[in-house]
Structure formats: C-alpha cells, structure tokens
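Fit chains B and C with the ligand to the supplied structure of chain A, relying on the hints for placement.
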Amino acid sequence: MAQRIVVLVEHLYGEPTDVTFELLGLARRIADSDGAIVEAVLLGEGVRHLAETLPAERVILVEHPALRYLAPEATAITVTGLLRTDAPRLALLPNTSLGMDVAAWVASALDWPLVAYCQALERREGQLVATAQLFGGKILADVAVGTSPTVISVLAGAFAAAALEPAAPGTIEVREPPAELAALRTHAASLERPAAADVDITRAEKIVAVGRGIESKDNLELAEELAQALGAVVAASRPLVDAGWLPRSRQVGKSGLKVKPKLYLALGISGAPEHLEGMKDAELIIAINKDPKAPIFGVADYGAVADLFDVVEALLERLGG
Amino acid sequence: MLTTPERIAFVLVALLSLLLTAHGVSRLVRAIGRGQGRPRWSTFLRRVVPVSFEILLQRPIFRARPLVSLLHAGVFFAFVFYGLVNVLDVAEGFTGFSTLHRGGIAAAYNVVADLLSVAALVGILGLLVRRFGLRPFRFNDRVFLLPSVHFGIARDSAIVGGFILLHVGSRWIGQAVRIAESGRPDWSQPTASLVATLFSSWSDTALAAASHITWWLALGLILAFLPYFPYSKHIHLFMAPLNLILREESPLGRLEPPVTGDGTMGAERLEQLRWYQLLDAYACIMCNRCQDVCPAHGTGRALSPAALEINKRYYLNRNLSAFAGGASSPPLLEIAASKEAVWACTTCAACVRICPVGNRPMLDLIDMRHALVSRGDPIDPNLQAALESLARYGNSFGKPARQRARWAKELPFPIKDARKEPVEYVWFVGDFASFDPRMQENTKTVAQLFHAAGVDFGILYEDERNAGNDVRRVGEEGLFELLVEHNLAALEKAQFRAIVTTDPHTYNALKNEYPAYGLRVPVYHYTEILADLLERGVLRVQQPLAAAVTYHDPCYLGRYNRITGAPRRIIRALGLELREMPRHGANTYCCGAGGGQIWMDSGGQERPSEQRIREAVGLGDDLRYFVVSCPKDMAMYSDAVKTTGYEGRLTVIDVARLVATAVGIDGVARESVSVESEAR
Amino acid sequence: MTIVVVMEQVPDVAEELAIAPSGTDLDRDAISYVVNEYDEHALEEALLLAETSGDEVVAIGIDATGELDQALYTALAKGAQRAIKLTGDFEGTWLSTRTAARLLAPVIEELAPRLVLVGVQAPDDLDGQLAPTLAALLGWPHASVVVGSELVNGMVRVRKELWGGITMLLELALPAVLGIQAARQAPRYVPVSRVRQVMREASIEVRDVEVTSDLAPVPVRLRFPEETGQAELLTGSASEIADRLIELLRARGLL
Ligand SMILES: Cc1cc2nc3c(=O)[nH]c(=O)nc-3n(C[C@H](O)[C@H](O)[C@H](O)COP(=O)(O)OP(=O)(O)OC[C@H]3O[C@@H](n4cnc5c(N)ncnc54)[C@H](O)[C@@H]3O)c2cc1C
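Residue numbers (our numbering), protein chains in the order written: chain A, 1 to 321; chain B, 322 to 1001; chain C, 1002 to 1256.
The shape of chain A in the complex, shown without the other chains (with noise of 0.2 Å):
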C-alpha cells in the first residue's frame, strides 16, 4: 500500500486558509519524489463543499457541531483517532493558532515524533530532512526524519501554495466524529472580529511607514493610498506624529510602540536607533530613502535609494489597476 502523507485542513469562515495549500502544495512534491499519496483531513461542520476544491487524492471528512471552528480539544481529539488509524508517514499541520494546540497535542498523545516550526522539508541524499526555525530565527535545526510516522508543524508563508485546481477530484472518504466529542470540556466556542474602529499598529501583518521624507501632511494621502492597496495600515516614525499629522498609536520606536509585522515598508525615514528599535523585528524590512547613506539600508532586507513619491506613484498604478 502507498504511504500516505495527511494535512490536516485549516479553515475559516468558511474557506480554507493559504497555508492549507502550502502543506498541501509541500505534501505534493514529496509525495511526488516517493509515490506517496496526499490525504486532506477536513473536519468541520457543513464543509463538505470545500473538499472539492482541495487538491488532494483524497479527502477525509469528519463533520460534528463541536469541530466547527476547529477548537482545540475536539480537533486534537478527532486527528488522533484517525492518525492512530490510519498510521500515515507524515501528518503535516500548521503552526498556526489553530494548528499549534493540535500538532503538539496529537504527537504528545501518541508518542509519535514531531518536528516543529518547519520551515523546509527535503529529501537530502535519499533521507528527508525538516529544518525548523528556531531560537528567534537565529539558528536552524535539520532533522532527519525517520520512517515511523511522524507529525510535522510546519510556518505559514514558508512553502509555495499547490495549484488551486486539483489534478482529479480527490475520492471522499467520510469518517464518524469519535463518540469523545458528545463529552468535551470545551464549550462555547465563537469567533470574533475585530472591531474596525482603531488601528493596532502592533497587530498589523502589513505597514506602510512614512517618515518625515513625506514632507507634509497632505501627502499622507498619498501613503493611505499605498497601504489601502496592499492590505496595510499607516504607522510613522516620531516627528511625524510630534506633528500631530498622525495619533500616538501610530508611532514606530523607542517611545513609541514596537512592532512585527510581516511587511515594514519604510518610505522617507532615516533609521535613527530609536525607530529602528521598534521595528527591527518586522519580517520583511523594505525601505525607499533618498539617501544611500540612511541607516534604514542596515537593517532592510530590500531597499532602493530613490524618491519615494516616484516610487509610490509607480506602485499604485499597478496595483491600483
């Protein structure tokens, strides 16, 4: 019988998140390199309409009011007894909020080997080697994965996504939820939104940051404009705010909020120390600046010495379609 790699899916409001079809797209390419097949397990409430669109041999199905929104303890619940079933080589979750209260709970419970905060996972020389993050990114462990199942975590935004389109249809398998799910201790499980009305600056994926390079109030039009396009909220560095051009909670730095967002796209800010304190951690560090000499360029991963309206003018007419 082909060895099976399993991914479990992960979804929300009703769709399945990108990084289901990174593990799927990852569960792919090694299932290609040994003739594995790629298993989906979808569990949930009224989604059966989702396994189609899920690129994958086949999907299996568990539906139950208590894995609606893929709580915690009926999730790692429900994987086990299947993992525990099925036996397949590798179980490949999401470091996510919801996936990280699974991996580690579903390995735990069957003593089975995991590797977490995968960022790449590769066959070297015949053996396939997981390489996770760790110690803040500063170091990278290789671990050699060996041939007893094994469940593996894996960061969202590491591998590239699998084609939207399956191949063929995967077969749907649909299981029983497990008799543990009519005695939960979880209860009450919701969602919520956000509320719309102030921006967290320290909770956005995506900033947009202006500095005093923007020159005037006005065109902070300009920078609304750019960060709306991409999905990103407006953050500035202190003069700006000092101002009074933008609020306190806007304010990147030492005596301002300190964030991590996945984009920082600094535009006209030099990099003192004290800005550069509270952004530093930021992912994805690109800065537009006049001067080749601003110290932004040491702690950017992309920068490009030009001026940033001419830039940001460029940037909106693709985007802005």
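Don't read these hints as lab results, they were simulated from the structure. If a hint is listed, it holds; no wrong ones were tucked in.
Distance condition first, Cα-Cα at most 27 Å in a straight line; then the derived DSSO-like pairs of lysine-lysine:
| hint | chain 1 | residue 1 | chain 2 | residue 2 |
| --- | --- | --- | --- | --- |
| 1 | A | K280 | A | K138 |
| 2 | B | K963 | A | K280 |
| 3 | A | K293 | B | K963 |
| 4 | A | K280 | B | K765 |
| 5 | A | K280 | B | K720 |
| 6 | B | K720 | B | K814 |
Chains B and C with the ligand alone, transformed into the frame defined by chain A:
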C-alpha cells in the same frame, strides 16, 4: 508716651499674642519634626556665621531677577533693622525716651531707620504692584494645586504685604507726626521731616492722637499679626535662613539613600519626607523662580516645583494640629504633586540651584518615585523595558554586555583591558557612548585622541555596567545598588590611578555617589583630560578652526559638578569663536533627557531640547556648531535640530570631534572634511 | 485553590549564539539564560486572575540551567505564593518539550490546580509547544495563543488569538491548560530591592526528579541561516523598482 491703660492693654495683648504665637510655632516645629532624620547642630554652628553673611548680602536672592531682588533687599534690610527700631519704639511708648533731635549715635540710628523705612515701603509697594498688577505667577493648567492654594496665595500675599506696608508706613508717618509735634524738622530723619510738613497745620491734640494711633498701628499690628505669622509666608523670614544654614554641605549630585520603612522606600506621605523637606515648605516664599527655570514646566508638563512646595505648605497650614499631633498625611500624590508631575522631572536641579531659600523640591520628586517604584506602581512601559534591560544586561539598550566594547574593534589599535594590565586611567565609557551608533563615532574619536596623546588608559570591557545615576533618580534604588556592586567588583580587578568618563551622568555617579560605597579615586570628565593635553601641547593644533560655536553645559557637568571651564578652554584652544547662550554654565538649561527621561520621552508639546536649539539659533545666523560634551546630548540635540528645522544650518558636534579635526587625527577623516572646508 | 505557572529558562536570543562542536546543541557555555518572555506573560496573567479569584499562584520550573532560582524568586517577588523547582541529572542539556512535560505532569497533578498557565511557546520548542503537550499528558482541555482569560462559574473563559485580529472565544472546564501569548496587561515591574528581600525571606521548594525517557531530541544538526546582511538594493527607474517590489511581495504571499 502711652497712657497707663494703654500700657496695660499693650502688655496684655502682647502676652496673649505671644502665647498664641508660641502655640503656633510649637505646632510648626512638631510638624517639621515629624520628618525623617534630625538636623545636625554641629552644621548649624559651623555654618551660622558664613551663611548669615551670605544672606545679609542677599546673595541667594540676587541669583536671578535683579530688579525684584533689589526691591526685596529694601524690605529685607529694613526688616533686619526694624528689629531694633521696634524695641526702641516700645521703649519710647513706655518710657518716653526718644531719639528725636539727638546727635551722635542716635542721629545715625535715625538716618538709617528713616531711609530704610522708605526703602521698605518702595520695595513692598513694588512687590505688591508686581504680584497683583502684573500677575507674573501662573501655573500651567496641568499643574496640580490644592483648592485652598488658588485663593490662598493671593490672600496670604495681600495680608503680608498689607502688614508690611501698614507697619512700616505707620512707623514712618508716626515719626513724621512726632517731628511735627516737636515743631521743627529732625535732620537725622530727612524723609519723615519732609512728611511732617503735611502736619504743620494740625492742632496739638490732633497730633498727639495721631502719635498714639500710629504707634499702635505700627506695634499693635505686630501683636495682631504675630499669631498668624507661622501660617503666613512671612515665616520665611526665619525658615529660609534656617534652611540655608542647616543644609549639609554634601554635593548636589549625592543623594541620600531613600528612607526605608517596612517594605516601603522613599516617601509616599508627608511624614516620610525628611525634616528639611518639610522645612522647605515653610521656607518657600512662593516666588516661583524654580518654576521659571524648570524644563518640565517650561514645556507644558504637569510639574511645577513651586506648586509642590506651596501645596505642601497649604496642606500643613490647614491640617497643622492633626499632623503635628501625629496623624498620617494623605498620599503626597493627592496633596503635593500628580503622578504625571513626579515622572516629568528631569532631575536637572535647576530648581535647586535657583531657589533663594535653599529648597530642594527635586528631592521630594525622587523620593516619591522611590515610593512608587518600590510598591510596584505601574511605570512607563519604555522605562520598564530600560530597567529590565539594565537588570539583565547592565545597559538600557537591551544589548548583551559582551557587545559593550564592540566599537573598540573598529579601531586601528587595541585598547588595554584594565582588568588584566595596570593603566593610569580606567576609561568608564558609559552606556550611550558604548552602544548608541551615533555616539560610537565620537567614542572612537576620544579613544584615538587618548591614544595619539599617549594617555595610558584601558577599559573594563563587558564588565562595565551603567553607573546607575539615572536609575537611582527614577527611584530604582535596588537596581542602582546592584549596578554599583557590579561596577565596584569590576574596578576591583583593575589597577589604576584615576577614572575618566565620557558621560556626565556617569561622572556624577562615580564622583559623588560611589564614594559612599567605597570608591575613592579621582574622577575626570574627558573634556578635562583633553583640555589638559591641549594646554600642555601634547595634542597640538595643526589647523585652527574658524567658526562660531556655542557650547551646551550638561546639567550633570555644568550645574552639578561645576565643570564649565575645561570644555570652553578646549573650544578656545582650537581657535573657535565661542558664543554663550543666555543660559549657560551653572545656569544651563536641561536637554530633557536626565533623570531617566531619555527612557520615557513622553513627548509633551515642545521638548526642552528644541527650545534649547532655538536659543542657540538666536546667537546669530553664522553660528555653525552646537558643541556638546555628553552622549545623551548628542542624541537629544541631533534629533532636535531636525525637528526644529535647523538641520543643515546648525550642526551638533561633540567637542572631541572638533579636537580631532584640529589636531589632524587620522581615521576621523569623514568629519574633518566638512569641518575644514568650512573653516577656510 | 491553585493556579500553576510554569517558568522556563531559555537561551537569550539577543546574545550571539554559538553552536557546540557536536553540532547538535548550542554551546551552552557561551549562552546566557533568560526567562522565556511568554512565561512572564503567563505569570502576569496568573497573578491577575488570582487577584480577583484569591487563588494561590505556584510558580514551578525545571532547573535545567542551574540558574532558575533567580526566575522563581522574581516570581515570588511579583506575587506568587509558592515556588517549586525540579532538579535532576539534566543540567545544561536541551530538554525536549515532551521530556519537560513528562517531568512536570506528575508534580502538577499532585498540586491539583484549577489552571496551568505556560508561555505559548519558547525559542527552543523543537518538538512543539508545552501547553498542548502537557494537556495531552494530563488529559485536561487546553487552548494556546491566549490573550485574555477569566474565571467564571467554575470554567475559564479564554480569548484565543487567531490572526488578523480575529479571536476565538472558548470556555474550558477546569482544570485546564493555557498557553499564554499575552497577559491582559504588560508584565509588572518588580523592584530589585523586593526581589532581594524575597531571596532573604522566602524559600524555593526543591523536588528531585528522575528522567526516564531519553533526553536527546530527535537527531538534529544545528546551523546558522545564511547571512542576509545589508539590504539588497533595487536599482533602476521608479517603475522598475515598483515592478520588482510587486514581484517580491507576490513571491512572499504578501499580495
Ligand atoms: C529619547 C528619544 C526617543 C525617540 N523615540 C523615537 C521613536 O519612538 N520613534 C521614532 O521614529 N523616532 C524617535 N526618536 C527620534 C529619532 O531620533 C529621529 O529623530 C526620528 O526617528 C527621525 O525620523 P525620520 O526618519 O522620519 O526623519 P529624518 O531623520 O529627518 O529622515 C527623513 C529621511 O527621509 C529621506 N527623504 C527625504 N525626502 C525623501 C524623498 N522624497 N524620498 C525618499 N526619501 C526621502 C531623507 O533622506 C531622510 O533619510 C527619538 C529620539 C529621542 C532622542
């Protein structure tokens, strides 16, 4: 001469008045006695003569506001002399003895009394016109004031001013009346004689009545006023000199360890302040000079050192018997200053220096911080991060200690490890100079200068910790002690003659605070060493610089430790033209970073550093450099020239960089280019 | 009743890290340790819960570094009532999450708490996070990435953060295990003098524990990620730069 009933009445009223006054004074003394610690009378004996002399010369008052001080001097000298005048006047009332129309010593006495009366009248009228006409005493509206203060200050000023006016005025006019009675002018009382002409047409009975009335007004008023005296600001008459005399001669930069109770530290309530901090409230004359020089108040923050003292005073006035009797006061945060005010102080000590009566409101604020921190009151998150970093790494930058001497790796020569080989100087570099990338360039320059001059120096590498000056001043005494212990242990490992430091805050701590923990070595600021090297010709100016500059005295250097000459000597030796800002030397204005503000930076409207840059810009369009000698100043002012829009016009530069350029040290070529091209 | 907080010491990632010659662990001699920052939040949340519920807060940790005392004393100074440290033959080794959970579980069971709070993750969690691992061993309900909690009607109501500001609200029967992402308010500051006082007056309970399962994590080789160094400069006209930027963002799934 008084009638017998008048005499009896005077004696009775005097007794009653003295009794009431004694009662008030004793409560007051007991209230002050509730403060922690006790005055040392040996201090009193040692200082009473010299300090009284200072006061007689009105030195503390003339430190600011010359015109107002002159008016005050008039009232002051009159009052001192009136001690004698009043005694003689009482004697006259009772015995009929009079100095009128006499020669010799009596005439001299008359001349002085006569002229001083006028001086006092002019003085007090001037002061009253100023207070009530010009209304110069305003607190910004974020300052906390007790409700009773608003009206209280005006009422108290009116009563005291009115009393002086009436008392001196009555005596003066009384003398005129008596001269008129005698029928001829008394040349030893010229002004009173002049006034006497007004009464020339009065009948004898009218004059006799007027003589009695003015006598009673002059002296009876004292009796009426006396019981109120302890509650009035007039008490500063005694309390101010006492405050000045009893003040220990320890340096301004040495804090006493905070008062500790069970589990608490510092001052949460009035009675946890030290005795002299309670005395401060009584010495205060509400002149608000401290507020004028306070950078926090000047930038619209909630702090006024004057309001603090005045609040204390009014609280005590209203609750004196309870407090003197041992009742606990409400928290200082409810009666003296708001929490916001407590955290706004930069500990620049301008208030302490300017105060004519020797008050130290800054100490109250630091004690209140101690109390807040020790009882775990939430503190500013950025301050908390700094303190946690200081506890963990020994610096506020959140950088591992091992990275402290990283800058040294970029030098073309090694710096000695003072822990491993003997050196003449241990260079205690300081946090900002070690970790702030803007400052590291300066730090390297200083190293190169020392190296070029053959100074035998070394550093403590990762064993150096923040010296703790500002840690202590934000009220984290335990952390301060921890840092001291670390540093002393590190210094223990080294063999050296003296310490040199780049940072005035560090300088202050090592020089003034560390001796209490056993450090006894000379401590120098790097400007002192550089000045000396230039003057001895060890560092030789190759190309004199020609530019107009101004120099900013760091509080902890210029005001606290009076090192104002060395940096100026350097600037002149380099050929630069030094223009002084109006506030310089010991009167310098704070950059806003001290006392832990650099870790909080709560904004405010305008920053002190921005006001300061404007002050410098006022010195002329051709002013090129704003010279600093403190790493924190470098951070504060290079930011402020940007925010004020003077970037490009005024350059903030460390004095060491200028020296390096002038003496032509390699490795600092980048900076030299710009300086030299401008120098031409 | 009791709330247990697990305090773990982890290598300080602000420091430069070195890899041991074996290549399978960090160079433990060159490391300095700090309390896992999320554990500080767990402690704060526990203290805040206890302030209203009156529970006793017990801080417990495995002393794998020989330096745990400081962390536990600090917890006591902040307001924990008891501190327990587990000692054994594992000093200076890399304890896997699962081994740690196995050492902790029996001690926690004996304390019979209502709640166990741990930091949501730690920098060395190679085999997963402690909260779910512990929950599986104890058989108690759990939730991670918790940003708020409240004890009501014999349950704990928690707010679990998903992403983009979306949160999941859950009610867990007690006892439960929570992985705390952020306490309701920033962890409090405790003055050094108070910590020193606690060190003089309070004491830490010590339990010797035996490690049964193997300590070594799965076969592993550590390395440093490739240096990224200075910014990669994008050159050309504004449009070219914009094109490249869009490409970059697309590639990273940011568009
Ligand atoms: C105690 C303290 C605390 C502080 N806290 C903070 C803090 O929390 N946050 C903070 O941000 N700052 C803080 N600062 C201020 C900090 O030192 C800097 O002054 C500030 O960050 C500078 O802001 P900026 O980069 O926007 O401005 P600048 O330094 O003036 O930089 C403007 C940049 O824009 C570039 N530019 C200009 N025009 C263009 C254009 N058309 N296209 C492209 N680029 C252009 C310029 O080359 C320059 O690099 C603090 C300072 C102190 C002393």
